[in-house]
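> With the hints as extra help, turn the sequences into a complete structure.
There are 2 protein chains.
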Amino acid sequence: MGPRSVAVIGATEKPGKVGNAIMQNYIDVGFQGRVYPVNINAEGKIMGFDAYKSILDIKKEIDLAVISVPAEVVPKVLAECGKAKAKGVVIVTSGFAEVGREDLQDRIVSISKKYHMPVIGPNCLGVMDTRARNDTLFLPTSKIDRPKIGGVSFVSQSGSVGSSLLDLISGEGFGLARFISYGNAAVVDEVDLLNYLAHDKETKVIIYYMEGAKRGREFVDVAKTATKLKPVVILKGGMTPSGASAAHSHTASLAGSTQAYEAVFRQFGFVEARTLEDCLYFAKIFDTQPLTTGNRIAVLTNGGGHGVLATDALYNNGLIMPELSKENQKRLRKVMPGIVNIRLPLDIGGDADASRFAAALDALSDDKNVDAIMAITLFQTPGADESVADAIVNHAAKKLKPIVAVSTGSTYTKSHVSLMENGGVPVYESPDVAAKALAALVNYSRYRKGAA
Amino acid sequence: MGPRSVAVIGATEKPGKVGNAIMQNYIDVGFQGRVYPVNINAEGKIMGFDAYKSILDIKKEIDLAVISVPAEVVPKVLAECGKAKAKGVVIVTSGFAEVGREDLQDRIVSISKKYHMPVIGPNCLGVMDTRARNDTLFLPTSKIDRPKIGGVSFVSQSGSVGSSLLDLISGEGFGLARFISYGNAAVVDEVDLLNYLAHDKETKVIIYYMEGAKRGREFVDVAKTATKLKPVVILKGGMTPSGASAAHSHTASLAGSTQAYEAVFRQFGFVEARTLEDCLYFAKIFDTQPLTTGNRIAVLTNGGGHGVLATDALYNNGLIMPELSKENQKRLRKVMPGIVNIRLPLDIGGDADASRFAAALDALSDDKNVDAIMAITLFQTPGADESVADAIVNHAAKKLKPIVAVSTGSTYTKSHVSLMENGGVPVYESPDVAAKALAALVNYSRYRKGAA
Chain U
1 MGPRSVAVIG
11 ATEKPGKVGN
21 AIMQNYIDVG
31 FQGRVYPVNI
41 NAEGKIMGFD
51 AYKSILDIKK
61 EIDLAVISVP
71 AEVVPKVLAE
81 CGKAKAKGVV
91 IVTSGFAEVG
101 REDLQDRIVS
111 ISKKYHMPVI
121 GPNCLGVMDT
131 RARNDTLFLP
141 TSKIDRPKIG
151 GVSFVSQSGS
161 VGSSLLDLIS
171 GEGFGLARFI
181 SYGNAAVVDE
191 VDLLNYLAHD
201 KETKVIIYYM
211 EGAKRGREFV
221 DVAKTATKLK
231 PVVILKGGMT
241 PSGASAAHSH
251 TASLAGSTQA
261 YEAVFRQFGF
271 VEARTLEDCL
281 YFAKIFDTQP
291 LTTGNRIAVL
301 TNGGGHGVLA
311 TDALYNNGLI
321 MPELSKENQK
331 RLRKVMPGIV
341 NIRLPLDIGG
351 DADASRFAAA
361 LDALSDDKNV
371 DAIMAITLFQ
381 TPGADESVAD
391 AIVNHAAKKL
401 KPIVAVSTGS
411 TYTKSHVSLM
421 ENGGVPVYES
431 PDVAAKALAA
441 LVNYSRYRKG
451 AA
Chain S
1 MGPRSVAVIG
11 ATEKPGKVGN
21 AIMQNYIDVG
31 FQGRVYPVNI
41 NAEGKIMGFD
51 AYKSILDIKK
61 EIDLAVISVP
71 AEVVPKVLAE
81 CGKAKAKGVV
91 IVTSGFAEVG
101 REDLQDRIVS
111 ISKKYHMPVI
121 GPNCLGVMDT
131 RARNDTLFLP
141 TSKIDRPKIG
151 GVSFVSQSGS
161 VGSSLLDLIS
171 GEGFGLARFI
181 SYGNAAVVDE
191 VDLLNYLAHD
201 KETKVIIYYM
211 EGAKRGREFV
221 DVAKTATKLK
231 PVVILKGGMT
241 PSGASAAHSH
251 TASLAGSTQA
261 YEAVFRQFGF
271 VEARTLEDCL
281 YFAKIFDTQP
291 LTTGNRIAVL
301 TNGGGHGVLA
311 TDALYNNGLI
321 MPELSKENQK
331 RLRKVMPGIV
341 NIRLPLDIGG
351 DADASRFAAA
361 LDALSDDKNV
371 DAIMAITLFQ
381 TPGADESVAD
391 AIVNHAAKKL
401 KPIVAVSTGS
411 TYTKSHVSLM
421 ENGGVPVYES
431 PDVAAKALAA
441 LVNYSRYRKG
451 AA
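First to last, the protein sequences are chains U and S. Under our numbering, the first residue of the first sequence carries the number 1, and numbering increases by one thereafter. Under our numbering, the first residue of the second sequence carries the number 1, and numbering increases by one thereafter.
In case anyone wonders, no lab produced these hints; they're calculated from the structure. A few of these clues could be false.
Which copy is meant is left open, because identical chains are indistinguishable; a pair holds if it fits in one copy or across any two.
[What the hints assert, rightly or not] The list that follows gives simulated cross-link-like pairs (lysine to any residue, SDA-like), each with its CA atoms no further than 25 Å apart:
| hint | residue 1 | residue 2 |
| --- | --- | --- |
| 1 | Lys449 | Val393 |
| 2 | Lys449 | Arg131 |
| 3 | Lys414 | Thr141 |
| 4 | Lys14 | Ser355 |
| 5 | Lys17 | Gly349 |
| 6 | Lys414 | Ser170 |
| 7 | Lys330 | Glu98 |
| 8 | Lys368 | Ser245 |
| 9 | Lys414 | Gly175 |
| 10 | Lys14 | Asp145 |
| 11 | Lys230 | Arg217 |
| 12 | Lys414 | Asp28 |
| 13 | Lys45 | Pro322 |
| 14 | Lys114 | Val264 |
| 15 | Lys85 | Ser257 |
| 16 | Lys326 | Val99 |
The structure presented is a predicted model; accordingly, all values stated were derived computationally and were not measured.
This is how it looks when you write it as structure tokens:
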């Protein structure tokens with residue numbers, strides 16, 4: 001459950017100020033709880049809400065305090081949060097360890113400890129909880145779209161990677177549970193966050209962008225449990241020698257050796273993303289599809305060239321295109337037009353309609369040699385329309401075997417991609433990307449089976 | 001110059017027929033020349049145009065005949081095209097060598113030879129010429145968007161890869177010169193097409209999807225010349241053992257060994273795409289940017305995490321992040337705020353505005369240690385708005401050094417991406433993709449320099 005009362009410390013009506021953007025955002029996203037603006041100079045109201053000079057003046061239970069006052073003032077207002085028994089604090093303000101002010105940051109740590117009060121930040125965007133509509137971001141909704149409610153949670157050590165990937169996620173078919181940008185990690189760090197999300201019921205899949213773990217050993221310990229509970233997709237910045245140097249300059253992260261990280265990721269069942277896009281590709285297959293029983297993928301297509309590219313892509317990703325069982329070959333021969341060659345990739349022709357797609361999907365799902373399906377549905381073809389998208393969605397709803405779709409194209413195609421994604425089918429733009437996502441699912445499924 | 005008179009043989013008012021779709025398409029795309037519908041059963045008009053029973057009845061000069069009659073009838077009407085002195089023919093009809101009817105296909109070849117008449121197809125989508133608005137596609141504009149006019153030409157051995165990638169291209173910032181889907185290549189084949197586009201003045205960049213070259217040696221000979229004139233981006237289906245088998249089943253292509261193809265691609269200066277998306281990524285950098293002088297890339301960013309990811313991506317793609325020259329370090333130190341660390345990746349801060357971007361770009365372009373620029377412009381940040389997009393466009397217009405932009409995001413970001421792409425700047429969604437495109441530019445530039 002999200003916070004029901006939030007104190008915004010540093011709230012102001014002055015446009016362009018972070019404290020103004022945070023207030024405006026609470027209004028824009030429709031937060032359902034109480035908002036208390038706090039500002040040392042407050043008189044009367046701020047943006048329509050009763051304002052307070054100090055959090056101590058509110059005299060109500062405060063679930064969350066969001067601090068955006070200047071760095072020098074942060075220790076004072078943080079101590080007041082402690083006295084007011086705020087249950088949690090997000091410090092958005094920058095100007096701490098990242099600019100050499102370890103002294104100021106140390107005081108934050110002491111105050112947090114003294115009051116047993118969890119603190120996220122400083123130097124971060126804060127948190128977003130789509131269900132509670134709690135959203136401490138100071139980036140306006142006009143510049144960054146907010147994702148719909150869903151099962152993917154996303155943690156980012158970098159504000160820019162966090163905000164831009166969050167924005168990208170909002171354009172995808174899947175929804176978000178929580179977003180956390182934790183900045184300097186003075187108190188709450190990567191270990192706490194991974195542990196929290198591992199046990200969070202609203203989180204089905206975790207995406208993690210990190211540049212370095214301060215408590216590496218503890219992180220691995222928590223990860224061992226987390227990856228047995230749910231997929232943890234990790235994108236690690238600074239995996240190359242020059243990247244590690246850039247990461248050190250950015251978040252003072254000691255990046256460690258690439259080999260060491262890769263070994264850890266593999267050993268403990270992380271799903272390793274190598275690009276920003278991988279995070280999205282992987283999140284959406286894990287969010288919607290069951291684990292696989294193996295790496296044998298049946299490719300179904302209404303375009304021959306895509307079938308060839310898919311075959312290459314499976315091979316390049318360590319996946320196998322099996323032979324169909326004898327029974328299923330006979331069954332498909334009966335229902336498919338004579339011109340269709342009964343073998344994988346199963347090219348059912350440019351004139352394939354919904355019923356042909358449905359018959360093929362049923363046979364492939366029944367086949368004991370098939371672990372998952374890649375259904376290439378090109379909507380440029382004469383046979384493909386909304387009913388084909390429906391056929392894919394209806395088949396996927398049976399949850400017989402993992403299925404992904406591939407549709408390449410623009411306006412007409414994209415409207416059908418939305419239909420399929422809203423129906424719970426992960427859709428990819430190319431066979432290459434789909435194969436990459438299937439390989440992530442296969443590898444993670446294998447880890448879970450071994451770890452069970 | 002495109003055709004000014006087209007005979008559509010098999011034209012009909014019956015919806016759902018290919019001959020109907022082709023006619024409708026000539027109307028929809030606004031072809032400026034004369035259209036003559038031909039149908040053995042024609043009486044009066046077809047879709048508002050005077051109709052003819054045979055091309056021989058038209059008695060006018062015919063620049064192009066498009067044939068969509070049943071396969072068995074094709075030799076007869078093709079011979080009539082020869083007698084009518086049609087300057088070129090596209091045979092859309094399928095049912096030839098791809099289904100074992102080599103006999104029918106051989107007759108096409110003989111007739112073409114007899115009349116010295118170039119024939120594209122059979123079993124293809126045909127051709128599109130954006131300037132002449134000649135467009136033989138039987139896929140309606142409601143299902144597949146048409147790209148704007150530009151300098152990229154795209155040839156596809158596969159109809160499905162052709163139509164879907166064409167559709168994707170229409171959503172990109174760059175425009176198209178010609179599209180050619182050549183199907184079975186009975187007469188005009190990959191050698192003729194590459195040779196034609198290599199010398200075509202409207203074509204700046206070639207994208208080629210192929211599954212196999214029938215005349216491999218001649219293809220290489222033509223390629224040697226072509227790649228010295230312009231970039232040829234090639235995506236080869238069937239590069240893996242299983243993919244080669246699928247390609248053979250699809251287009252009867254003998255795919256050859258992966259190693260052999262890769263060696264040829266490298267030796268003769270092809271730009272090898274490994275995915276459908278690569279074709280777009282590479283086409284847009286070649287379409288807009290000059291060749292590079294080397295592989296030293298300056299990364300400029302308004303987000304630290306993206307700077308780290310870009311540094312990794314450069315390394316992974318064989319590119320180098322140089323040290324800035326001493327003079328430029330001093331120059332940048334003077335114009336940048338104290339908090340900005342003067343080194344690459346140059347993180348100019350989340351509050352960076354257009355003037356800070358412009359000052360940084362000027363310095364980086366002047367630096368003798370820099371061959372090209374990756375400008376990461378995240379529009380989620382408070383400082384970034386339309387004026388930042390303008391600054392990038394204005395700088396790129398000076399054509400000092402190759403430049404690409406990176407912007408990750410949804411609605412607000414995408415509108416600014418359009419501004420930049422319409423202004424001639426290739427924009428990528430992630431540093432990874434941008435680095436891949438820069439590496440393609442660097443490698444091709446190196447080839448051209450060596451081949452000069």
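> Does each hint hold? Answer for all of them.
Going through the hints against the structure:
1. Lys449 to Val393: Classified as neither: same-chain Cα gap 27 Å, cross-chain 52 Å, threshold 25 Å.
2. Lys449 to Arg131: neither (32 Å within a copy, 58 Å between copies)
3. Lys414 to Thr141: both (24 Å within a copy, 14 Å between copies)
4. Lys14 to Ser355: Only across copies: lysine 14 and serine 355 sit 24 Å apart there, 60 Å inside one copy, limit 25 Å.
5. Lys17 to Gly349: between (58 Å within a copy, 16 Å between copies)
6. Lys414 to Ser170: The answer is both: 15 Å in one copy and 13 Å across copies each meet 25 Å.
7. Lys330 to Glu98: between (66 Å within a copy, 23 Å between copies)
8. Lys368 to Ser245: between (50 Å within a copy, 23 Å between copies)
9. Lys414 to Gly175: Close inside one copy (18 Å) and across copies (20 Å); limit 25 Å.
10. Lys14 to Asp145: within (23 Å within a copy, 46 Å between copies)
11. Lys230 to Arg217: This pair counts as within: shortest intra-copy Cα distance 20 Å, inter-copy 53 Å.
12. Lys414 to Asp28: between (28 Å within a copy, 21 Å between copies)
13. Lys45 to Pro322: neither (68 Å within a copy, 53 Å between copies)
14. Lys114 to Val264: So lysine 114 and valine 264 fail the 25 Å test inside a copy (35 Å) and across (69 Å) alike.
15. Lys85 to Ser257: Answer is neither: 42 Å inside a copy and 70 Å across each miss the 25 Å cutoff.
16. Lys326 to Val99: Classified as between; 24 Å across copies, 68 Å inside a copy.
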